[in-house]
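Asker: The lines below spell out each chain.
There are 2 protein chains.
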Amino acid sequence: MRIVLLGSGNVATQLALALKAIGEEIVQVYSPNLVNAEALARLVEAVAINNLSQVEQQADLYIISVKDDAIGDVAKGLNGVSGLVVHTSGTTDISILSGQVKRAGVFYPLQTFSKGRNVSFKHIPLCLEAEEQDLILLQQLADKLSSKVYELDGEKRKVLHLAAVFACNFPNHLYALANQILQQHNLDFDIVRPLIAETADKVMVNLPDNVQTGPAIRGDERTMDKHLTMLSNLPELQEIYQTLSNSIKITHK
Amino acid sequence: MRIVLLGSGNVATQLALALKAIGEEIVQVYSPNLVNAEALARLVEAVAINNLSQVEQQADLYIISVKDDAIGDVAKGLNGVSGLVVHTSGTTDISILSGQVKRAGVFYPLQTFSKGRNVSFKHIPLCLEAEEQDLILLQQLADKLSSKVYELDGEKRKVLHLAAVFACNFPNHLYALANQILQQHNLDFDIVRPLIAETADKVMVNLPDNVQTGPAIRGDERTMDKHLTMLSNLPELQEIYQTLSNSIKITHK
Chain A
452 MRIVLLGSGN VATQLALALK AIGEEIVQVY SPNLVNAEAL ARLVEAVAIN
502 NLSQVEQQAD LYIISVKDDA IGDVAKGLNG VSGLVVHTSG TTDISILSGQ
552 VKRAGVFYPL QTFSKGRNVS FKHIPLCLEA EEQDLILLQQ LADKLSSKVY
602 ELDGEKRKVL HLAAVFACNF PNHLYALANQ ILQQHNLDFD IVRPLIAETA
652 DKVMVNLPDN VQTGPAIRGD ERTMDKHLTM LSNLPELQEI YQTLSNSIKI
702 THK
Chain B
452 MRIVLLGSGN VATQLALALK AIGEEIVQVY SPNLVNAEAL ARLVEAVAIN
502 NLSQVEQQAD LYIISVKDDA IGDVAKGLNG VSGLVVHTSG TTDISILSGQ
552 VKRAGVFYPL QTFSKGRNVS FKHIPLCLEA EEQDLILLQQ LADKLSSKVY
602 ELDGEKRKVL HLAAVFACNF PNHLYALANQ ILQQHNLDFD IVRPLIAETA
652 DKVMVNLPDN VQTGPAIRGD ERTMDKHLTM LSNLPELQEI YQTLSNSIKI
702 THK
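Protein chains in written order, with my numbering: chain A, 452 to 704; chain B, 452 to 704.
Don't read these hints as lab results, they were simulated from the structure.
Honestly, I wouldn't trust all of these hints.
Repeated chains share a single entry, so a pair holds when one copy, or any two copies, can fit it.
Below, computed lysine to any residue pairings styled on SDA-like, alpha-carbon distance capped at 20 Å [stated by the list, open to error]:
1. 607 / 479
2. 566 / 703
3. 527 / 602
4. 677 / 546
Start from the sequences and build out the full structure, keeping to the hints where you can.
Answerer: Following this line, the structure appears as structure tokens:
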């Protein structure tokens, strides 16, 4: 498959490397910033471009992997192509493309991508949306990348993206707050790392409701009061502690 | 070392198995409920007792691993022994023991223990507190169990316990809320498991502040508004979404 990649951020980079690794041909990498386009193009032996008028018109697949706000503008620049055009966004409707291009789809990898951290696509859920033949095309590609391929419509994809904020972005921020508490007392973050690993590991085989631990689920008001007192110099954390503890109590009552 | 274990819950069970595995001798397991004492005693070839008057007086170490509220009462029953008496609680002061027994200490394993899930003590941080010779004794035992042994006073141990609520109990509850959102739309929890694993894995080598992702840190108000609208039938989750998103924005501004 001859692929044009539009974007050069974390998702675009990881996806480009994964596609290259399974033997797909990335013909061009587009970014409005040519330096960024070149950096990624070099990694996957593609041609770097920074103007949508330069886009190769005969590719099989165009992957738009840019900030949500910019998808529409990039799609406009692809209105002449006959290949399939997909975006990689969890929250953006497929209609942002289908108004602009002949064949539209979505190729949403459900994962958290950070600069400088390579991820294996093998176990990344890939969520696809497209019409009939194009869906088959995307499925064939996705199956080569990952063992977890889902067909999801736009509504379900948006629900999944929302759930991902609760499953990933918020837990990571709570790790950061734990670190803030530790630092205030000259304790190293390293001491809670095994706990974080085990907490995530437990829900690989259990549902989280079945393995909840801690003072809130035990109804241990004394410990919770002590904790709230300890947080009196961090009112923002105190509020979070209260809100989440109440939610645990409500869920398990 | 001849050890008497007082308690038969999750922590007591995992600790007993780990101690047995490194060749320590557990002479007795105490629980007010004899059936519980017997179940654990059988696993580690100990004698089950349900009355503190039956406690062997000549053991080297007495480990009190019961609910925080019950530690004081159990300690009272040990006031004749000359061996070292420790509790395993993160939030309880050593003084609850030192008022009752000659030699007091703390042996706090920082981990989340759930029924039916065996954990390896190899990488569990063990947090110790005791006076001189007794501290050395605990360190020797702890070093055999784990590669992560810390000496921490009561204040730091309590801070650590509070941080653990943020690093473990709250993230697990957020996994549960993610599942609640998914279930409402007939999506399986399995789809977010790789994301949870990667989120935890990332902070094994990074600090969480450096790998935060999601709409809040991007300042993506449009996506956050969409998410809040989607949560309008779950006001409790809406509040949590708002509180944590604000906290991410404040932390990273």
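Asker: For each hint, tell me whether it holds in the structure or not.
Answerer: Verification of the supplied hints:
Taking identical chains as interchangeable, the C-alpha atoms of residue 607 and residue 479 are never at most 20 Å apart, the minima being 31 Å within one chain and 55 Å between chains. Proximity of residue 566 and residue 703 under a CA criterion of 20 Å is satisfied inter-copy only: 17 Å between copies versus 38 Å inside one chain copy. For a Cα distance limit of 20 Å, the shortest separation of residue 527 from residue 602 qualifies neither inside one copy, at 26 Å, nor across copies, at 62 Å. In this assembly of identical chains, residue 677 and residue 546 lie within 20 Å of each other by CA distance solely across copies; the values are 17 Å between and 52 Å within a copy.
In this structure, the earlier hints numbered 1, 3 are contradicted, and the remaining ones agree with it.
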